[in-house]
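Given the sequences, and given the hints that come with them, work out the whole structure.
Protein chains in written order, with my numbering: chain A, 627 to 1005; chain B, 627 to 1005.
No lab work stands behind these hints: they were computed from the structure.
Some hints here could point you the wrong way.
Stretch by stretch, here's where chain B covers chain A in the computed footprint (C-beta under 8 Å, at least three residues) [as the list claims (entries may be wrong)]: (1) 783-791; (2) 914-926.
DMTMM-like mimics (lysine to aspartate or glutamate), calculated; alpha carbons at most 20 Å apart, straight line [what the hints assert, rightly or not]: (3) 675(A) with 676(B); (4) 928(B) with 956(A); (5) 975(A) with 950(A); (6) 928(B) with 962(A).
Far from chain B, by Cβ distances over 10 Å, these chain A residues were calculated [stated by the list, open to error]: (7) 708; (8) 741; (9) 747; (10) 798; (11) 856; (12) 858; (13) 895; (14) 978; (15) 993.
All values reported here derive from a predicted model rather than from experimental measurement.
Glycine is no exception: its CB is placed at the ideal position from the N, C-alpha and C atoms.
2 protein chains.
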Amino acid sequence: MGGMNGGTIGIVGGGQLGRMLTLAAKPLGFDVVVLNPTPNSPAAQVGAKEIVADLYDTDALAQLAERVDFLTIEIEHLDAGTLEKLEKLGKPVNPSPATIKIIQDKLLQKHLLKLAGIPTADFTEVNGHDDAVAALKAFGGKMLLKSRHGAYDGRGNRLIAKPSELAEAFEYFGDSPLYAEAYVPFVKELAVDLARSTTGEIVLYPLVETVHKNNICVEVLAPAPVNGREAKNALKIAEQTAKLLKGAGVFAIEMFLTKGGKVLVNEIAPRVHNSGHYTIEATPTSQFEQHIRAISGLPLGKTDLTVPAAVMVNILGERDGPLELMGVEDVLALSDTHLHLYGKSPTKKARKMGHITVTANSLHKARKKAKKARSKLNI
Amino acid sequence: MGGMNGGTIGIVGGGQLGRMLTLAAKPLGFDVVVLNPTPNSPAAQVGAKEIVADLYDTDALAQLAERVDFLTIEIEHLDAGTLEKLEKLGKPVNPSPATIKIIQDKLLQKHLLKLAGIPTADFTEVNGHDDAVAALKAFGGKMLLKSRHGAYDGRGNRLIAKPSELAEAFEYFGDSPLYAEAYVPFVKELAVDLARSTTGEIVLYPLVETVHKNNICVEVLAPAPVNGREAKNALKIAEQTAKLLKGAGVFAIEMFLTKGGKVLVNEIAPRVHNSGHYTIEATPTSQFEQHIRAISGLPLGKTDLTVPAAVMVNILGERDGPLELMGVEDVLALSDTHLHLYGKSPTKKARKMGHITVTANSLHKARKKAKKARSKLNI
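Structure below.
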C-alpha cells in the first residue's frame, strides 16, 4: 500500500478499461494493481502490477485488497459478495458492491428502476416455457429473452418473434435464470456517462448517441444528434438514475429513444464505459481520470465538451489469429485523429482491439473522418 | 523486436521524458524498452521494459539496440559514438548521432549556428586564464564561462563580471574544456518545439516564453507574450536552425529576446523538452506523440494551439527526503488544471518531480491559476 506517491488503486480486471484507468492514474501519483485471469494484460503493459487469477478467486481478491488503498472494478461480472466482505473489513470499494449486486442481475436492475419511476421497457420474470409464451403475448408478439446474469455485448440476448423460436432459445440459455423484455422499436440508442463522488456529488458528461452492430458498440457520437427536448429529458432521466446508485465512481446509463420521442433506460453500467472513451480528447477530464478521482476521494473535474463534435469508432478484430497490424500510418495522416490500441494479441473476430476518436467542427465531418480512419486499419 | 503491435521503441534514459514518451507510444501500438542507470525508472512505472545500466555502458547500449526497432534518446549527455556505430550497423537512431555529437559540445553547436548565419551571443573558446581575461574584455566586462560538455539546467555555467572571479570559476570547472559567451541582457527567454520527420518535413509548435529561476525552467507561457514581429522573427530563426539538424524527432530551440527586440539562439535540445510539456493539453499532437511518430516514420501531427492560452509550471522538489505528497486534492479542485507526477522518489531540492498545466481564455488567467495550483502542492 501507500504507492509511489498518492496511494495504490486496485482494479478487478486488467483489460482495456483497466489499461486506460492505469494511464490516467499514474500521472496523478497513484500506483495500480490489477487482478486479471491472464498475464501481460492491457493494464499491465502500461505499468499496472498484476495478480494473475480468476476474477472469482476469493483468495486473489483478498490479496488484491491487501495490496491497495482503493478497490474498484472494470467489469461488473465478478464476485460482488467477496467485495462486500472486503468493504465490511474497512477497505474502500467503489462502486458499492451492493450496487454492483443489483446491476449484475438485470431483472433486479429493472425492478429498481421501475420502483423509482424511471421509464424502462416492460419486463417480466420468465421461469420456463409457459411464462415465456405469456410474456410474448403480453408484449405484443416481439420480445427479448435475456439472461439475468453475466451477459454483455449482446451475449445472452435472444430476439423472439414467435412462440416456435422459444425451444431453441431455452436450449441456448440452458439453466440460466431468465427474464423477458418488450422489444422497443427505438430510433436511436443514447448514453450518458456520469460520475458520483464519495460525498454524493454527481456530474454528467454530455448525452451521446451509441451505434451498435450485432449487439456490439461500433460508434459513439458526441453530442447526440437529438433535439433539445429529447436531450434535456434524457439527461434528467440519467441523473434520476444516478441518484439510485450507491458508491463513488463513473457509471454509464444506456437508453433508448423511441419513435415517439420517449426515453427509456435500457441498462446501467457501474463502471467506465465504451460510450465515454471520447472524453479523453473531447472533455477537460476523461472518464478514466474522473473515475480515479471519484474513488479516491479527490474532487471531480469538468465534463463539458471542449470541441464542437467528437466521434469514436471501435476497432474490432477482423479475423482470428496472431496480430498483424497494418495501416497505422494512414490513420495518423488524418488530422485530429487519435489512435488508442489496447495491446491485445491475438486478434479475434469482434474483439475490441482499440478505438479511434476524431474531433471536428461538426458531427458530420467527425463521423466521416472516423469511418475513413477505421477503414485504413487492418487488424 | 516486433513489439505487441507496431514495433518496439528503445530510449536511452528512463526519466520523466522517457515516461511521457512511453505514455504516448503505448496507445499507438508500440512496446518500449529504456536504458536507465537505476531500476523502477519513471518510464518503467508506466510499462517500459528496463535495462538497468550506466548510459555510457557500450554493451548495454548494444543490448538495447538489439531489442528494439527504433532507437532514440531522452537526454543528450550520452555515448553518441556508440550510437553512431549502432546506426552504421543498420539500426535506425533518431535524432542522428552526428547531430547529438555537435549539440553535446556547446562550443561546436555555437560554431554550427554562426556558420549558418543564425544570430547567437558572441562566444569564444577559452583555454586557460589569459583567454578568459581577453574574452571578458572583448565582451564588455560581463560574460558566462561555460563547460563545453555535459551541462544542463544551469549546472556548469558561471557568470563572470570581473577578472578576480575567474580563479574560483576555474577551480569549479577543473579540467573541463570551457568556452565563454557574452552576457546577453535579455528581456525574455523564448523557445520553440519542432519536429522533423524521417523525410525531412518540419513542423513548428507555437512560440512560448520560458521563465527560469536559478537556471531551472519554472514556467512556460503559451503562446509567448511578444509582439507579432518578434514572434515571426523567432519562428523564422527556429526554422532555420531546424534545417541545420540531421535526423528525425522533436527538437527544442531556446532563444533570448533582447531589449532591442533581437532574437538570439541560446541552445538546441535534440529531444522532447520541458518547454513543450504544455502540448499534451494544448495542441492536437503532444510533443511526445510527435516524437514517437517522427522517429518511427509515421506522419507528423498538427501542432496548433487548441486553446487561447496554456501555462505550465514545474513541480520542483522542496526538500531532501522520502516523498510525502500533499495537496493533490486542492490542485484538482481547480478546473482545467492537469497534474503530471513523474513517480520519482525520494524528493530532492529542485528535482523535477512533476508539472502542472493550466488552460484558460487568457495567459493572465492561466498563469494566475497555475501559480495557485503549484502553491497548493507540497512535495
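Checked hints:
1. With 0 residues having a beta carbon nearer than 8 Å to a beta carbon of chain B, the stretch 783-791 of chain A misses the requirement of three or more and the stated coverage is violated.
2. Coverage of the stretch 914-926 of chain A by chain B holds in this model, with 4 residues showing a Cβ closer than 8 Å to a Cβ of that chain against a need of three.
3. Distance check on the hinted pair: residue 675(A) and residue 676(B) sit about 15 Å apart at the alpha-carbon level, within 20 Å; holds.
4. For the given pair, residue 928(B) sits about 15 Å from residue 956(A) by alpha-carbon distance, which is consistent with the 20 Å threshold.
5. Straight-line distance between C-alpha atoms of residue 975(A) and residue 950(A) comes to about 13 Å, which keeps the hinted pair within the 20 Å bound.
6. A threshold of 20 Å between alpha carbons decides the hint, and for residue 928(B) with residue 962(A) the separation of about 7 Å falls inside it, so the pair holds.
7. With a minimum CB-CB distance of about 28 Å to chain B, residue 708(A) clears the 10 Å threshold, and the non-interface call stands.
8. Non-interface status of residue 741(A) relative to chain B is upheld: no Cβ of that chain comes within 10 Å, the nearest being about 36 Å off.
9. Once the 10 Å rule is applied to beta carbons, residue 747(A) is consistent with being away from chain B; the minimum gap is 37 Å.
10. Interface exclusion of residue 798(A) from chain B stands, the closest Cβ pair being 35 Å apart, more than 10 Å.
11. Listed as a non-interface residue, residue 856(A) keeps its Cβ farther than 10 Å from every Cβ of chain B; the least gap is roughly 28 Å.
12. With 10 Å as the threshold on Cβ separation, the claim that residue 858(A) sits away from chain B holds: the shortest Cβ distance comes to roughly 24 Å.
13. The non-interface label for residue 895(A) is consistent with chain B: the shortest C-beta to C-beta separation is roughly 22 Å, beyond 10 Å.
14. The non-interface label for residue 978(A) is consistent with chain B: the shortest C-beta to C-beta separation is roughly 14 Å, beyond 10 Å.
15. For residue 993(A), the requirement that its beta carbon stay farther than 10 Å from each beta carbon of chain B is met, with the minimum near 18 Å.
In the structure shown, a violation is registered for the earlier hint numbered 1 alone.
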